[in-house]
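S.K.: Chains as they are written, first to last, in our numbering: chain A, 1 to 342; chain B, 1 to 121; chain C, 1 to 813.
Just so you know, the hints here were simulated from the structure itself, not pulled from any lab data.
Every residue, glycine too, gets a C-beta built ideally from N, C-alpha and C.
Hints may be right or wrong, so weigh each one.
[Unchecked claim] If the Cβ cut is set under 8 Å, some of the chain A residues that face chain C in the computed set are:
(1) 47
(2) 54
(3) 56
(4) 65
(5) 77
(6) 91
(7) 121
(8) 122
(9) 143
(10) 147
(11) 151
(12) 174
(13) 214
(14) 215
(15) 261
[Stated by the list, open to error] Just a few of them, taken from the derived set where beta-carbon distance is under 7 Å, the chain B residues facing chain C:
(16) 19
(17) 20
(18) 24
(19) 31
(20) 68
(21) 72
(22) 86
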Amino acid sequence: MRARIARRKLSGLAPLLLALPAVIAGCQKANPPMDTLAPKSDFANWIYGLFVEVTWLDLFVLAVVVVAFVLAVFVFSRRAGEGEAASETHSDMRLELAWTLGPAFILLLIAVPTIRTIFREEPPTPPADSLKVTVIAHQWWWEFRYPGTSIVTANELHIPEHRPIWVSLRSADVIHSFWVPALGGKRDVIPGQVNHMWFIANTPGEYYGQCAEFCGDSHANMRFRVFVDTPAQFAAWEKAQEAPPVQPAAGTAAAKGAAVFANSPCTACHTITGVSKGYIGPNLTHLASRTTIAGGIMKNDPKDLKAWIENPVGLKPGSNMPALGLRGPELDDLVAYLESLK
Amino acid sequence: MTAEAAVHEHFEQHVHPGASVYVTVAAVLVVLTALEITVFYVQALAPVMIPLLLILSAAKFVLVAGFYMHLHYDSYVLTSIFGFALAIAALLLISLVLLFSYLSHHLWFAVPLARIILPGH
Amino acid sequence: MAAQPKAIPAEYPSYLKGDPISWLNTIDHKRVAVLYGVSALLFMILGGIEALLIRIQLFEPDNNFLSAHVYNQVFTMHGTTMIFLVVMPLLLGFAANFLVPLQIGARDVAFPRLNALSFWIFLSGAVFLHLGWFWHHGGLPDAGWFGYANLTERQYTPGMAIDFWDIGLLILGVSTVMTGLNFFTTIVTMRAPGMTYMRMPMFVWSILITSILILLAFPPLTVGLIFLFMDRFFGTHYYQAVAGATPILWQHLFWLFGHPEVYIMALPAFGMISEMLPTFSRKPLFGYPMMAYSIILIAFLSYGVWGHHMFATGMGPVADATFAITSMLIAIPTGIKIFSWIATVWGGSLRMTTAFYFALGFIVEFTIGGLSGIMHAAVPIDLQQTDSYFVVAHFHYVLFGGVMFAILGSLYYWWPKVTGRMLSEKLGKLQFWLTVIGFNGTFFPMHFLGTWGMPRRIYTYGAGMGWTFWNQFETVSAFVLGFAFLLMFINMLMSLRNGEIAPADPWDARTLEWSIPSPPPAFNFVTVPAVSGRDAFWAQKYGGTAAGRAAEPRNGEAEAIHIPEPSFFPIVLAAGLLLCGLGMVVDWWRISIAGGVILFLSTVGMAFQYPTFGQQTHETEAASGGGGEDLRKVGLWAFIGSESVFFATLIATFMVYKGRNLSGPGAEILEIPLTSFSTFILLMSSLLMVLALAATQRGDKTWQRVWLAGTVLFGLIFLGDQAYEFTSLYHHGLGFTTDLFSQTFFTLVGFHGFHVFIGVVWLSVLLVVSFMDRLPKSRALSVELAGLYWHFVDIVWVVIFTLVYLMQKVKGA
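The following block holds chain A by itself, in its conformation from the complex:
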């Protein structure tokens, strides 16, 4: 009988027990890059605070329910054959009132900070001194523009710390969702409307983002990086991005690659300032300044870049970028050229 009781207890408590190793495991290793529990902005912090509060309240309610459940099943009941029911009670006004008002009160404790935070993170106008960033989501890559400057880049966003960032979100095709967990919640990117979000990042570092609304074949491959820079780093980055593209030294592989680029269909889709105007694919003017390529799925190094150009659709199903059939030295030169575009 006791063994059976003990086994039955386990079933109700199994999920809680499962949580323990997770907590331990979580504490031991480095934070996962998309961890929502490592807030690095005010917005992410507000969410984190609310999350902790609700988690405690949830655990409290769960504990009450589980304790009541255990008591009901194992303590204050009989087993069939051991006599009739201990009680025939089937109503109790005070009890029913208590378990109506109790949860209502707990919900009030959740509702008030929730509504405050909602209004805080959705102001009608941008906060003063915001840096404005425009995000244009494409199937399956991210375009970033900085209004008021000539900067156009892709898949890697740089922002300064301690300054409000006002993000305007537009879509070039279907619904996507802009999500950098360390910097706050996500906002959907919807064609035909401009959504906004804002936050103030507080710690320099590299943060991972990913599209969070199913958008077709390569939804899983639509990733990006956000770099929170110190003001000095950011200024330097801005300057480099606004500069014209690096001219390859004559006679180098890069120079030959420049010629390959200029004569290839690449120019139909990609922009390199002063070289080509194409708006279907990412701007490549400063490609080499980025740490990843192809929507954050590959490292930005010659080997991966070569693999990407050889077979985009194989690496990113559904991709609009065709394999151009470039091979051998031509391809190597092209890669060298692209990797020189710092």
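Position chains B and C relative to chain A; hints supplied.
M.R.: Frame of chain A, contents of chains B and C only:
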């Protein structure tokens, strides 16, 4: 008495209004419709056009439902069924219109509400 | 002296007996239930395989077990299958269908032929969803079970897959709405004498409220799917920003359906738990009145929370806050239920059966799911959690740990009644433990994965994201879960082969279905029981304050038990519907026409098979619980209620898009004089209609024909006017797809016109029947029902005339 007739006896107990009631209702409906069209054409009524039209068509709605569809004479069960469905239908319509009112940021009470909730903003 | 329930002689065969063909034309609710149940269990295997395929692909980073495109089809079909082809048919088609008539002491549902039709249309839709597999440019649907626009537009998902999804769901919707209408009418009008609402079993309560949810929540989905169909086939722009429209409209329409939908699944599960816990605790349900009111409150609130699926879409802080509050509010009645269930078990004399284990497990698992739901209601937290594995954990806890556990328990509980055999308790308990381990192992870690940023619906993920270990853990657990289900199927097969024969009442239960043999005879009860309290069967067995006694046979005569005639029309009609849809998708218009003809002919055939709508029978005579109203009238009003929401959705779209018209003519192009004439015509046709009814009620055949003919004539004049108006607008440059105004206008007024057309056909048929001298005073209800439909179409026009025509100068929102 055949089963059919016996059943019919049972349902006979419902009140059946006479043709005169129906014709009167029809006359009222005609008048109400004429009024609606008048409201549309008379420029002077433009400021109150929307509430007037809503009231007039609601009156027509109730008359047809109550008399032609017999709800006035039938069990409250039927009125409840229709009434509840209409309530949901109205809720749906009003909610969608509100939600699309320029993405709700620009609802007139959004900014004052924000000031109350977040003093100092 | 109280009459004892007649012992059913051994020679009455069970409902299961009969030749195989009889299953194709059956209209017995129990057989229809078994058809649903078997189909749903087969789809459960399919849906489960789809789940395991997902888990295998996600076992390690950068896996290539399934390509992206195949994975996207698999996760789409997994969700679609589980919701529409497994859970809903098991809860409604199987459990409710089998049990509701038994629990209320009826012989069948209100509309048995419609019931059979619901099943065959369901099967038709289920097959239709999968047909894309067989076509080269088809493939299975791959845009997720809620198919967000504008990904689902032809521009972004060419090919036929989404067409199969769109039309498949429309077909399934038709089936479900018919079911809702049937159960609603049954419960309102066919309860046994003395069974007031507050004496019904809680499962019946849950089905009553679920039926209302179905009737009022499916119309927005239907409208949304129709808009998608028009975009993909006719070139309209309901969801494309290019013309001023927005893909957000799809989300609103879908979730207006989608949120009540999850309660359509949860409420029957709640009802099942409320049946099993009292039986195995040997105690009445705790807090019966509050349990009933909380179901009603949950259902009502469920219409006000749909925006919580859209917190990340930028609805604005006011909308966000409103939906946050309503979503939190819905937790209160849900909490009442959880605590009441625990209080039911408290102090009971517990019989630890497999069914009871699952019901108890439900309490804990559903609570966990509900608590993660509270987190989602807190909007800022949801902005991290939505579209991540956290929400995948949440809905699997409520749908699997909650609803599926209730279903599994119910299978063990009611299996003896349905099949006449017992399932093995040993195997059942093993299945239970493996299910608990497998389920929690698969889905609890998803809370972590979501918290660590893993988005949902991704066919693969990178190494170094910190997600690999728990994904592997989940995959292994999923196979444990799959094995548990395998055990269940083995248990079922063993039971059917040579399981222990079940008595009528193996669990010493409380409700009326246990008072008849296992399995029941085709006619359910020899004499319809009379009821004077809750838990009617318990009172019958043990007396007490609410002693239910078997009724005296009605009218003092022996009750003639009438078994309704079976019919092949349902299966033929469903086949016609499938062909119709198929032809549209694959561009074989001849198939569509053939399907349409079959559809039309079988509809007419079904309508004229005895008893036709309006003919009196034993059942309709007995069934007048709804305030004394005939059940067909109740059914028609329920249908009218549903159609009201349908038109409200079309009107709302018209109004919402009015302000977004980018270019082209707007509402000012509409002519008032012509339409005023149409309005007068339609109003007068209502007068003629009601005079026709009055003539019928006094037996005046001549005037009956005159007024009916007049109504038909005025209906035709109205349609003629509409045709003239449409043509005139076209000549003024307003085509169907010219701009947002034109498409919403033509869709709304076009659908209304279509309803008028159906009315004209209906009335013409009545006119013919009248001339055949087959519409006497006793059949007045036939005319009344047609009249109700006609007047409804008239009052919809009253609304359209005002909101569309007269308010043409009002600027859109």
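S.K.: It remains to establish, for every hint, whether it holds in the given structure.
M.R.: Hints, one by one, checked against the model:
1. 47: holds, 5 Å
2. 54: Hint holds; residue 54/A Cβ to chain C Cβ min 5 Å, cut 8 Å.
3. 56: Hint on residue 56/A: violated, closest Cβ of chain C at ~11 Å, above 8 Å.
4. 65: Holds - the Cβ of residue 65/A comes within 8 Å of chain C, reaching about 5 Å at its closest.
5. 77: At about 5 Å, which falls below the 8 Å cut-off, the nearest Cβ of chain C leaves the hint on residue 77/A intact, so it holds.
6. 91: Holds, because the Cβ-Cβ distance from residue 91/A to chain C comes to roughly 5 Å (cut-off 8 Å).
7. 121: For residue 121/A, the interface hint holds, since the closest Cβ of chain C sits about 6 Å away, which is under 8 Å.
8. 122: With Cβ-Cβ at 4 Å, under 8 Å, it holds.
9. 143: Cβ of residue 143/A sits 17 Å from chain C, so the hint is violated.
10. 147: violated, 19 Å
11. 151: violated, 25 Å
12. 174: Since chain C brings a Cβ to about 4 Å from residue 174/A, closer than 8 Å, the hint holds.
13. 214: Result: holds, 4 Å to nearest chain C Cβ.
14. 215: Hint holds; residue 215/A Cβ to chain C Cβ min 6 Å, cut 8 Å.
15. 261: violated, 29 Å
16. 19: holds, 6 Å
17. 20: This hint is violated: residue 20/B lies away from chain C, its Cβ roughly 10 Å from the closest one there, beyond 7 Å.
18. 24: Where the cut-off is 7 Å and the nearest Cβ of chain C is about 10 Å from residue 24/B, the hint is violated.
19. 31: violated, 11 Å
20. 68: holds, 5 Å
21. 72: Cβ of residue 72/B sits 13 Å from chain C, so the hint is violated.
22. 86: holds, 6 Å
Consistency note: the structure conflicts with the earlier hints numbered 3, 9, 10, 11, 15, 17, 18, 19 and 21.
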